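Please model the entire structure based on the sequences and the hints provided.
Using the numbering used here, read the sequence shown as starting at -14 and increasing by one per residue.
Don't read these hints as lab results, they were simulated from the structure. Source: prediction; values computed, not measured. Keep in mind that the hints are not guaranteed to be accurate.
[What the hints assert, rightly or not] Derived pair list, reagent style SDA-like, types lysine to any residue, alpha-carbon separation capped at 20 Å: (1) K80 to E141; (2) K74 to P136; (3) K131 to Y107; (4) K289 to D254.
[Unchecked claim] If you anchor each label on the Cβ, the simulated ranges turn out as follows: (5) N267 to P312: 12 to 20 Å; (6) E167 to K289: 41 to 49 Å; (7) G120 to P169: 48 to 56 Å; (8) G120 to D254: 34 to 42 Å; (9) D92 to P169: 32 to 40 Å; (10) P72 to Q357: 44 to 52 Å.
We put the beta carbon where it would ideally sit given N, CA and C, even for glycine.
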Amino acid sequence: MLLPKPITSARRAVVLALMCICSVVAPTLLLAATIKNPQPIWTIDLKKYGFRGSRRGLVNDPGSLAYMAFSGGTVAVLFDQKAEEIPQKGTDSKKWLGWRLVGVFVDARTGQLLATRTWIAYLPWPDTFFRTAAGNFLFLMRRFPKPVHIPTSPSEIQLIDGPLPTALLLLSPTGEELKRLELPIRGTPRNEHWEARLSPSGKSFLLTHTQTNSCQFVLLDADTLKLRFSWQQPDATRCAVVSTSDEQVLIHTREGRSLIGKFGDSLDDITLPSSNSQFLANNLIVTFGAAPWGTAWITSSTGKQISTFHFEVYDPGLRGVRPGVAPPFSSSDGRRFGTVTDQIVGPFLFRREEHTLYVWQEPEDKLIFTTQLGHSFIQWAEAALSNDGSRVAVLNGRKVSMYNLAR
-14 MLLPKPITSA
-4 RRAVVLALMC
6 ICSVVAPTLL
16 LAATIKNPQP
26 IWTIDLKKYG
36 FRGSRRGLVN
46 DPGSLAYMAF
56 SGGTVAVLFD
66 QKAEEIPQKG
76 TDSKKWLGWR
86 LVGVFVDART
96 GQLLATRTWI
106 AYLPWPDTFF
116 RTAAGNFLFL
126 MRRFPKPVHI
136 PTSPSEIQLI
146 DGPLPTALLL
156 LSPTGEELKR
166 LELPIRGTPR
176 NEHWEARLSP
186 SGKSFLLTHT
196 QTNSCQFVLL
206 DADTLKLRFS
216 WQQPDATRCA
226 VVSTSDEQVL
236 IHTREGRSLI
246 GKFGDSLDDI
256 TLPSSNSQFL
266 ANNLIVTFGA
276 APWGTAWITS
286 STGKQISTFH
296 FEVYDPGLRG
306 VRPGVAPPFS
316 SSDGRRFGTV
326 TDQIVGPFLF
336 RREEHTLYVW
346 QEPEDKLIFT
356 TQLGHSFIQW
366 AEAALSNDGS
376 RVAVLNGRKV
386 SMYNLAR
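The following block contains the structure:
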């Protein structure tokens, strides 16, 4: 029978030394590992606030259009609850005022409701709801020029399809209106409209007023709405702003060129893999390309490619529906960024959209977080990082969830 060797003082010293090394190295390895499919720290259901889920039937209802922003210690979701209509006495007609929009503001730490707000306005669109550096929110709100009758006449349809009165609202962390700017709309030409972009830091807010042959850029301080700079662009092909930093603007032309330049200065060509690009910081740009599938690039503002990321996304080739990649989102310093992929699966009549969330960290070029968000019918999932990049909020269908990220 073999007996275990006695533990000598020398062997005991070696064992203790190895234990000390493991106690130091193990937490480091744990922090370096990618967090996969974690549990959220809280989840809320927007249904109790009037959110309409998607429904399938003879007429498919995609449900509420919703957009989310994560600002300071507050997560806010803006969505349309219902059409706002007033029945006319003695007739079957109604007056249509627009849509009732609901803003739900919750504590980012606990998911507890802070406040709800409502507005009567036009449907929200992408790039209309933003966070700011000081923890406030910005809402680019469009409204009907006047009430519309139902049944709707062709002239009234043209009215709401044309230029819409637009206001920029600065909201507190609980949705209280702090300041409002009414943006001028002349009503002609028909393609006249306002668009907006926010810098990753949340400090610079760029408005673009587009008309037929030209546009005007208006740069504001995001937390005061004070004018910082304004300039004209006489060439309408150079008005499509993809992203803005605190120093530069990135534009994608109708001819497929990407241009970059300081505010008000001449624009220079920059080579980017695709137009799905966004500033991470004043000198860094992230791009998610359509092909090859599952690839992201980090490029300097001079056009030098710095790094490339790859992530799992199914490429169906010519036989299936191509996966979608949402516009990137980032922390205020640009060190952490992510995206949500969207893969349509199943037969046509029973299709569903499966979503996956990814978060990376620069300059380590490392995937630090990924999770399957499940699937939904028609509705898109989106995510937003906290200003400091320590947490990520997810809007998937009618539910909002919060996840912690490793420091």
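Outcome of the hint check:
1. K80 to E141: Cα-Cα ~12 Å, so holds.
2. K74 to P136: Holds, at about 15 Å.
3. K131 to Y107: Roughly 11 Å separates the two Cα atoms, so the pair holds.
4. K289 to D254: holds, 12 Å
5. N267 to P312: 12 to 20 Å: Holds, at about 19 Å.
6. E167 to K289: 41 to 49 Å: Hint holds: Cβ distance 42 Å, inside 41 to 49 Å.
7. G120 to P169: 48 to 56 Å: With a Cβ separation near 29 Å, G120 and P169 fall outside 48 to 56 Å, so the hint is violated.
8. G120 to D254: 34 to 42 Å: holds, 37 Å
9. D92 to P169: 32 to 40 Å: holds, 37 Å
10. P72 to Q357: 44 to 52 Å: About 45 Å separates the Cβ atoms of P72 and Q357, which means 44 to 52 Å holds.
Checked against the numbered hints above, the structure violates only hint 7.
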